[in-house]
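Using the hints, position chain B against chain A.
Chains as they are written, first to last, in the UniProt record's numbering: chain A, 1 to 349; chain B, 1 to 396.
Among these hints, one or two may not hold up.
[To be verified] Facing chain A, from chain B, some residues (calculated, C-beta under 8 angstroms): (1) T265; (2) R290; (3) I363; (4) R365; (5) P377.
What the hints contain is simulated information worked out from the structure, not anything from laboratory work. Even for Gly, the Cβ is constructed at its ideal location relative to N, Cα and C.
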Amino acid sequence: MNLLLTPEQGELRAAFRSFLREAAPMAEVRRAMESADGYDRAAYARLNGELGLAGLIVPEEHGGAGAGFADLAVALEETGAALLPGPFLATVFAAIAIRESGDPAAAKEHLPGIAAGSTVATLAPLPGTPATVEAGPGGALSGELTALNGAEAGLLVVAAGERLYAVDPQAGGVTRTPLATLDLTRRQARVRLEAAPARPIGTLGRTPDLVAVALAAEQLGVLRRCLDTIVAYSKIRVTFGRYIGSYQGVKHKLADMHCALEQAESIVRYAAWAADESPADLPEAAALAQAYVGPACFRVARDHLLLHGGIGYTWEHDAHLYYKRAKTDEVLLGPPRGHRARLAGLLGL
Amino acid sequence: MSTDLVEFRQRAREWLAANAPAGGTGPGSVAEARAFMAKLYDAGFSGISWPAEWGGQGLGQAEQRVFDEEAGAYTLPTYYFSIGLGMCGPTVVDLGTDEQRRRWVRRLLRGEDIWCQLFSEPNAGSDVAALQTRAERAGDGWVVNGQKVWTSVAQHADLGLLLARTDVDAPKHKGLTMFVIDMHAPGVTVRPLKDMSGRSNFNEIFFDDVHVPDENRIGEVNDGWRCAVTTLLHERLSISGGVGGVAGGRGNPASFEALRATCDTADPVVRDALVELYVRERALELFNARLGQETRAGIFPGARGSAGKLLLAELTQFRADLATSLAGPAAVAWDPETEGAGGLAEALSVAPGLALGGGTNEIMRNIIGDRVLNLPPEPRADKNVPFKDLKVGTQQ
Numbered sequence: 001m002n003l004l005l006t007p008e009q010g011e012l013r014a015a016f017r018s019f020l021r022e023a024a025p026m027a028e029v030r031r032a033m034e035s036a037d038g039y040d041r042a043a044y045a046r047l048n049g050e051l052g053l054a055g056l057i058v059p060e061e062h063g064g065a066g067a068g069f070a071d072l073a074v075a076l077e078e079t080g081a082a083l084l085p086g087p088f089l090a091t092v093f094a095a096i097a098i099r100e101s102g103d104p105a106a107a108k109e110h111l112p113g114i115a116a117g118s119t120v121a122t123l124a125p126l127p128g129t130p131a132t133v134e135a136g137p138g139g140a141l142s143g144e145l146t147a148l149n150g151a152e153a154g155l156l157v158v159a160a161g162e163r164l165y166a167v168d169p170q171a172g173g174v175t176r177t178p179l180a181t182l183d184l185t186r187r188q189a190r191v192r193l194e195a196a197p198a199r200p201i202g203t204l205g206r207t208p209d210l211v212a213v214a215l216a217a218e219q220l221g222v223l224r225r226c227l228d229t230i231v232a233y234s235k236i237r238v239t240f241g242r243y244i245g246s247y248q249g250v251k252h253k254l255a256d257m258h259c260a261l262e263q264a265e266s267i268v269r270y271a272a273w274a275a276d277e278s279p280a281d282l283p284e285a286a287a288l289a290q291a292y293v294g295p296a297c298f299r300v301a302r303d304h305l306l307l308h309g310g311i312g313y314t315w316e317h318d319a320h321l322y323y324k325r326a327k328t329d330e331v332l333l334g335p336p337r338g339h340r341a342r343l344a345g346l347l348g349l
Numbered sequence: 001m002s003t004d005l006v007e008f009r010q011r012a013r014e015w016l017a018a019n020a021p022a023g024g025t026g027p028g029s030v031a032e033a034r035a036f037m038a039k040l041y042d043a044g045f046s047g048i049s050w051p052a053e054w055g056g057q058g059l060g061q062a063e064q065r066v067f068d069e070e071a072g073a074y075t076l077p078t079y080y081f082s083i084g085l086g087m088c089g090p091t092v093v094d095l096g097t098d099e100q101r102r103r104w105v106r107r108l109l110r111g112e113d114i115w116c117q118l119f120s121e122p123n124a125g126s127d128v129a130a131l132q133t134r135a136e137r138a139g140d141g142w143v144v145n146g147q148k149v150w151t152s153v154a155q156h157a158d159l160g161l162l163l164a165r166t167d168v169d170a171p172k173h174k175g176l177t178m179f180v181i182d183m184h185a186p187g188v189t190v191r192p193l194k195d196m197s198g199r200s201n202f203n204e205i206f207f208d209d210v211h212v213p214d215e216n217r218i219g220e221v222n223d224g225w226r227c228a229v230t231t232l233l234h235e236r237l238s239i240s241g242g243v244g245g246v247a248g249g250r251g252n253p254a255s256f257e258a259l260r261a262t263c264d265t266a267d268p269v270v271r272d273a274l275v276e277l278y279v280r281e282r283a284l285e286l287f288n289a290r291l292g293q294e295t296r297a298g299i300f301p302g303a304r305g306s307a308g309k310l311l312l313a314e315l316t317q318f319r320a321d322l323a324t325s326l327a328g329p330a331a332v333a334w335d336p337e338t339e340g341a342g343g344l345a346e347a348l349s350v351a352p353g354l355a356l357g358g359g360t361n362e363i364m365r366n367i368i369g370d371r372v373l374n375l376p377p378e379p380r381a382d383k384n385v386p387f388k389d390l391k392v393g394t395q396q
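Isolated chain A, as found in the complex (with noise of 0.2 angstroms):
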């Protein structure tokens, strides 16, 4: 079991964080999200040329880096950390389910638009939400689903039970309607599926699990940034002529966070090694992760906002936008009880 960075994954890491630092600052996230398109394009065309984001576990013979979880991780966690918008993370769940669907042709057609960044693509429904969808004669599908950035998805990589199929959005027999949400940074869509032309491309696999492990690091970047920025506001901010991260009140709550990431990040190592390298832990690995960090994430994110006092409740403050990312993220594959039933289910309980 590793649970370190690598000296290169440390450089990677640094190499994310510096390029999101310049081209998706917080201005630029709140710029997007209030954008008909919901997010910078040729920021995110930069992204995935400059630094291959959507193609960093593509396996090279379809374009990619062909990286595993503990390289996917360290991007997610810095895309999470800067709130990036737009579909990076539909596009990695959708890349994840063509690469475990063990169809070869899917992955030749599909992969290499989604590594060369060309190809925005989503996987839906997700693990643990409900859906309605079912393929009719002639693998047509049929039923309504939830799709993250299901309106900018030029691919959908739908799940009807076990078995996926790949479906143009822009063919007949789909309709997409933008929901509201309460994360303003990532978009989602209702999609009517009605007799639609679907390709079935294998089987989901060990899609739900790798799902739950990508989304838990991007959890951890949301928990590791809310910490920081609350540490260093701590270290500025005064009251009663001294600053508030002197005060035990404060100062106890930040341990408490400090001790909630130290955990997460352990379970969110373990569980891209248990994706990478050990088959048998995964499907723990990973339901751990969701039961653990997704809450984790939520608990600090709500604390680092509260923390800020009356300016963490205003809007342009950024604080609102991680707790509601983190709330979404908590959500995002289901309740938590799920992934807590799970786990006891694993457990033999």
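Just chain B now, with coordinates in the frame of chain A:
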């Protein structure tokens, strides 16, 4: 894993199978513990990662970890040496002179000396730098007077690592010196204290004109606080990575494994409570594993070890609370003739110990805030005032 480690594991496994007491759960007798340590030393499994020139095996953390993993299947009778091995010995290795290392380290590893740690006092617990025990120059040595408290295994100890005040004109942190004191010396009185579980693991100690030779001084005169910080770092790391592990040791009736066997897991509320316990145990287990990997990679965890200690204390309290609540009335009233029936009451009674010993949860949070997150310190009214002018303890 390298072939060396595989061989080492095999050797450890065979030795333990032949020599570890079967079915042991408690500390056993002092004589047995000394004999076991001597055997452990002769077999090359005592002080595995300690420097060879002072009596250790000179191997790495990887070998120590392999041995700990193998030893996890047993309860080794090493309890009386836990303070020496976890705190006092590492302090001597870090800060002692070569002569001191030669004198004490090998004897500790061979089970010849039991050590205790003499820091806390009735008026200096969390605020240990407020301690009043005096060490005054007398000829070429020192004379010690004062009182210590909460001292584990002192009733069996041969040596004690003492923190005493050597300069009352200096501010509180700058007038302390560390010594090794002979617990059998004239003037040392040890009185066991009964803790809330009914046991007498810790003691109060009185020093009346106890002579300590200067060769027993650790570090420079008045540099004792820095030495004590070293000891306390080792203490927190040894507690958080302790022999009981995250699960609270073998035979713990409040452990996840025990509860799943005794509770009605068909009840969804019970199931979810057990999942919560499992998640917390795994989270801490993986954090400890990551700290261990960092240490082996040469990254010393330092104050981050306080997070492990805090989390273990909270987990232990949570687990004992959960287990007794799940069991209901049977946890708090039992037939004394039934073996093991009082186990949950016992678990609940010992749980607060971990949140108090080795620094309270509040002190751990201060340390994490000050030394890990580098938060601004609290204003300190006592920091640059000569100790003799402070209202502290029995001083008016």
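> Regarding the hint that R290 of chain B lies at the interface with chain A, is the smallest CB-CB distance below 8 angstroms?
Replying inline: holds (4 angstroms)
> Per the CB criterion, is I363 of chain B less than 8 angstroms away from chain A?
Replying inline: Violated, about 10 angstroms.
>> Next item in the hint list is T265 of chain B. Is there a CB on chain A closer than 8 angstroms to its CB?
In response: holds (5 angstroms)
>> Hint R365 of chain B vs chain A: min CB-CB distance below 8 angstroms?
In response: Check passed: Cβ of R365 of chain B comes within 4 angstroms of chain A, closer than 8 angstroms.
> Does the interface hint hold: is P377 of chain B within less than 8 angstroms of chain A, judged Cβ to Cβ?
Replying inline: holds (6 angstroms)
In summary, the one numbered hint that this structure violates is 3.
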